[in-house]
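Trainee: Residues per chain, in single letters:
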Amino acid sequence: MNLKELYQEIILDHGKNPRNLKSINDYNKDAKGHNPLCGDKVHIYLKLNNNMKIEDISFEGSGCAISMASASIMTELFKGKEKKDVKEIVNDFLNMIKEKSELSTNILNDDEKTKLMCLSGVKQYPMRVKCATLSWHTLTSAMNNDKEDVNTENVKI
Amino acid sequence: MNLKELYQEIILDHGKNPRNLKSINDYNKDAKGHNPLCGDKVHIYLKLNNNMKIEDISFEGSGCAISMASASIMTELFKGKEKKDVKEIVNDFLNMIKEKSELSTNILNDDEKTKLMCLSGVKQYPMRVKCATLSWHTLTSAMNNDKEDVNTENVKI
Amino acid sequence: MNIDNIKKEFPIFNNKVHNNDLVYLDSANSSQKPKTVVDRIYDFYTKEFSNVGRSVHYLAVAATNLYENTRVSVQKYLNAKDKDEIVFTKGATEAINLVANTFGQKYLKEGDEVLITELEHHSNYVPWHYLRNSKGIKIEFAEINNDGEITLESIEKKITSKTKIIAITHISNVTGAILPIKEITKLAHSKNIPILVDGCQGAPHLKLDMQDLDCDFYAISCHKMYGPTGLGILYAKKKWLEDLPPYQGGGGMIKEVKKEGISYGDLPNKYEAGTMATAQVIAFNESIKFLEKIGIKNIVSHEKELMEYGLEILKKNNSVKIIGNPKNKGSVISFTIEGVHPHDIATILDEDGVAIRAGHHCCQILHEKLGLAATARASLGVYNVKSDFDQLNDSINKCKKIFDLK
Amino acid sequence: MNIDNIKKEFPIFNNKVHNNDLVYLDSANSSQKPKTVVDRIYDFYTKEFSNVGRSVHYLAVAATNLYENTRVSVQKYLNAKDKDEIVFTKGATEAINLVANTFGQKYLKEGDEVLITELEHHSNYVPWHYLRNSKGIKIEFAEINNDGEITLESIEKKITSKTKIIAITHISNVTGAILPIKEITKLAHSKNIPILVDGCQGAPHLKLDMQDLDCDFYAISCHKMYGPTGLGILYAKKKWLEDLPPYQGGGGMIKEVKKEGISYGDLPNKYEAGTMATAQVIAFNESIKFLEKIGIKNIVSHEKELMEYGLEILKKNNSVKIIGNPKNKGSVISFTIEGVHPHDIATILDEDGVAIRAGHHCCQILHEKLGLAATARASLGVYNVKSDFDQLNDSINKCKKIFDLK
Ligand SMILES: Cc1ncc(COP(=O)(O)O)c(C=O)c1O
Ligand SMILES: Cc1ncc(COP(=O)(O)O)c(C=O)c1O
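Protein chains in written order, with our numbering: chain A, 1 to 157; chain B, 158 to 314; chain C, 315 to 720; chain D, 721 to 1126.
Quick caveat, the hints were computed from the structure, so don't treat them as lab data.
The structure presented is a predicted model; accordingly, all values stated were derived computationally and were not measured.
Any given hint could turn out to be false.
With the C-beta cut set under 10 Å, the calculated list includes, among others, these residues of chain C facing chain B [as the list claims (entries may be wrong)]:
1. 609
2. 611
3. 654
4. 655
5. 662
6. 664
Listed next, the in silico BS3-like pairs over lysine-lysine satisfying Cα-Cα at most 25 Å (straight line) [stated by the list, open to error]:
7. 449(C) with 858(D)
8. 959(D) with 573(C)
9. 321(C) with 618(C)
One-sided excerpt, in silico: chain D residues whose CB lies under 7 Å from chain A [said to hold, decoys possible]:
10. 1063
11. 1064
12. 1071
13. 1080
14. 1122
Cβ atoms here follow ideal geometry from the backbone N, Cα and C, with glycine treated the same way.
Let the hints inform the model, and build the full structure from the sequences given.
Mentor: Below, the structure is given as structure tokens:
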């Protein structure tokens, strides 16, 4: 185990100064997520334009450094992405956290991958995996227009 | 431990052919007892005359050899005894079963004591003590006009 | 693992009872524990102990994983569809109370009928009786036949348009009758009636397949299944656990708590309020492993062989009357001896190290029907051997001698 | 037994966590177990195992006696008047549910008020919430003051003519405030209101005397009291146990069962339905012996000394903010570090072998009041030593360094 891998500079930076931490006025999709174990909460807002592109994405919420950083990095990443690509990227990220150590999707460029890989240190901390994945599950829920809030006790990882 | 002490001839005899196993028509005191653990049941009937003497005593019920023999021997013993002596005899018997090995009351003669001592083998079988004492507690209850049935799970021994 | 010398997995048999070898024929009451189960408890408390699911430190993470591992093992052992269908309780009694209480709250009203049988253990009657008192429901009893069985027909006869749930035992803990659960379930479902199975005696002795049985609820006592005391399992179809209200309230089963109201957590947490029996759950994984190592097929055939041997011997003993004669009989033989009260039998047998049970076995309804205040009961576990029945028979003969019977 | 090296009675401390000595500061969650308790479980299962109270054979008689011995030990430890006032449950959560359910059934109706406090654990709120849903009662919350205390006055303020029961914690598991139970009980009784005390945090750390406290109900979690998991205790005055309806239904708690109706057994059986946590109850006798051997006086003064030392050290650490400042404080210190989420604190501390808990500690009402989503909590057991706080402080400083705080 290695705390340095978990709390890398970039995580601490995003954790302290999260990007896109706000609501969007004209969002057309949103979802809430909740980790009952530690009280982390997140609310994801999305503005999908007519071309099925994510024109804007933001989040509100509170939580530990890992969950805030993960949401911050995620929102940066998805701004401008196509709707059709979201699922593949999310799955690739979840796989990276759970099983593999690499990202394999072609949709992301190397810079983007490097940034996401910062979150891979969490793999060694099973209780913290949920912190890292909460916002990602919530994003999926927003895309699917799920009525139920995401609850990390309920989803598989 | 010694089964022979528990199942003495006299116990087996009284168990098989219980004396006074009937109801009395003109009883003026009665009480029911119950051992929920093994299902033993007893109903004691008493006829106390104007001189506060036990003119007649009987029981109905079903149970193991020990409980039937104990009720049978007890009813034989008390026929003709004075009301005022009942408490002392019952206590002496219960003490003999619980703690001491002897009977100490002067109310009983040697023959009576010898007969009662047959039940002392039960002391070595804690789970069977309740079988031996059920009818005695029920007698006490009848004398006291208790409204509640005796339940061996409830009385101290 | 060879079932013929399985006894050596159970440390209790190294001990003497009144200077005799222990002949344990009281497994329907509670089974003995294999060493692996007891060791697991010891190791957990001395090396790994922590509470589950509430802290992020190392020990807590490890304990939480171990706890959830058992849930998955149980799911697989029962062939349940989803691990969230496995709820840990303090015993089968609590599992049945949980269903009666929550199902009763939501679905039962005055005049509704709950159908049970004359074979039921008090644990599968008293919880329904509460609803009779509080809601004015009715309890109907399917009747046994002369062999001490409950047939599909005896159930069918008692089903009315008001029957809202059927609650029946898998194996009678007195006559040993194995009920045709799959057929009864089919019948019940054809009339849209859910079914609860009291699996206390079924779970340790039969191959279990929840998806095949298709029952809605199945209650298990872990201490009868080579596991620790203070633990039970409720299997319930997910749709019911999602649909029914929560049972006990406390930590761990909630989502959000405010002064004005409360929302409940998801499955399986919703039904696991408060600190659970952590060590027991973790150790129960070893019980499942033990059963899997022997293989349920081998257990069934071993116990069947024993049963046939035992019945043969006891039937030859002219004073012994066996209670019930079900075609499908599992794991228990209840009997009486004309002229010797069961309580006396038990005491005399105990002197020889033979542990049986005497009484009404928490089945007063059945005993009243049979006209008996009490019976003696010999019941089996995997560790029994044929010679246990030889000893039982010898000790019964000793009873007869003491009571001067032929 | 010398409290200064009591750690050696607990085998868990022979193990390393991430190659570090274990600094266990999570006892409010669950305590570690002395070897005597674990050994007792082992010996019981391997040498003496049988179910309790249902058979007459040797092992059953012995187990029943052992089981009842614990009841008497607990009675004495709590200075309860009668051994029948001690009911074994699966945990404090069940104990509170038992009271809420049975008292609610018999005595609460629409518009009635139950008075609890803002300090309560979910276990002492959710069961009452059920009655809000089913019966339309109201729940009132006595408010904490700025020090995180509940005073006699804050209780008095909320008592109305509709208050039917008061249910409060003995020690807050977040602020550590020790409530003036005796005074509150006197006040409640002067208005004919019964009182339930959630003794989860009180029982392991305070001298207990039920007759002196005079409360009507007292709930205990044995696993927080150096005992096994899956066991709790409800102390209740005899008059209540006799008066209230039974809770769960099943074997062992009945007197007579017929098709038409059921009569219930006497105390304490009435509230102990089904097979109980036999091994756990028997082992808990060793927990009581352990506590008695050290002596509660010594425990109180040892923990007080530790507490003062810990507070002193943490107060000097300029980033640490301690939650609550009660005059009477027992066994827990909750804190936050500005700029580091409690969850991150717990992970970083864990790396050094320091086990604390982070979260809302099942006290969401309190956390909402405090405006905090979560706190970090260090809590004490008899095995803690001053250097545990030194290590805690060092590890907190490591957090600060990682998060670049001054
Ligand atoms: C104050 C308080 N009440 C109730 C509980 C619940 O106890 P248990 O989970 O053992 O039932 C706890 C422990 O988590 C507690 O600290
Ligand atoms: C058929 C049956 N149902 C229910 C029970 C009750 O199980 P427990 O006492 O473990 O809750 C038993 C065992 O006593 C049983 O044999």
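Trainee: Now, for every hint given, state plainly whether the structure supports it.
Mentor: Verification of the supplied hints:
1. Taking 10 Å as the C-beta contact cut-off toward chain B, the hint placing residue 609(C) at the interface is violated, the least distance being around 38 Å.
2. With 10 Å as the threshold, the beta carbon of residue 611(C) stays out of range of chain B, its nearest partner Cβ sitting at about 38 Å, so the hint is violated.
3. The beta carbon of residue 654(C) is positioned within 10 Å of a beta carbon in chain B (closest approach about 8 Å), and the interface hint is therefore held.
4. Residue-level restraint check for residue 655(C) holds (minimum Cβ-Cβ distance to chain B is 4 Å; threshold 10 Å).
5. Checking residue 662(C) against chain B by beta carbon gives a least distance of about 6 Å; that is within 10 Å, so the hint holds.
6. For residue 664(C), the interface hint holds, the least distance from its beta-carbon to any beta-carbon of chain B being 9 Å, beneath 10 Å.
7. In summary, the hint linking residue 449(C) to residue 858(D) is supported, as the alpha carbons are separated by about 23 Å, within the 25 Å threshold.
8. A C-alpha spacing of about 32 Å is found between residue 959(D) and residue 573(C), which places the hinted pair above 25 Å, so the restraint is violated.
9. Proposed proximity of residue 321(C) and residue 618(C) is supported: the alpha carbons are some 17 Å apart, at most 25 Å.
10. At its closest, the beta carbon of residue 1063(D) sits 4 Å from a beta carbon of chain A; the interface hint therefore holds under the 7 Å criterion.
11. Below 7 Å, beta-carbon pairs count as interface contacts, and residue 1064(D) has one with chain A at about 5 Å; its hint therefore holds.
12. The interface hint given for residue 1071(D) holds, since its Cβ lies 5 Å from the closest Cβ of chain A, which is under the 7 Å cut-off.
13. Interface restraint check: residue 1080(D) against chain A, minimum CB-CB distance 5 Å, threshold 7 Å, status holds.
14. For the restraint placing residue 1122(D) at the interface with chain A, the shortest Cβ-Cβ distance is roughly 5 Å, inside the 7 Å limit, so the hint holds.
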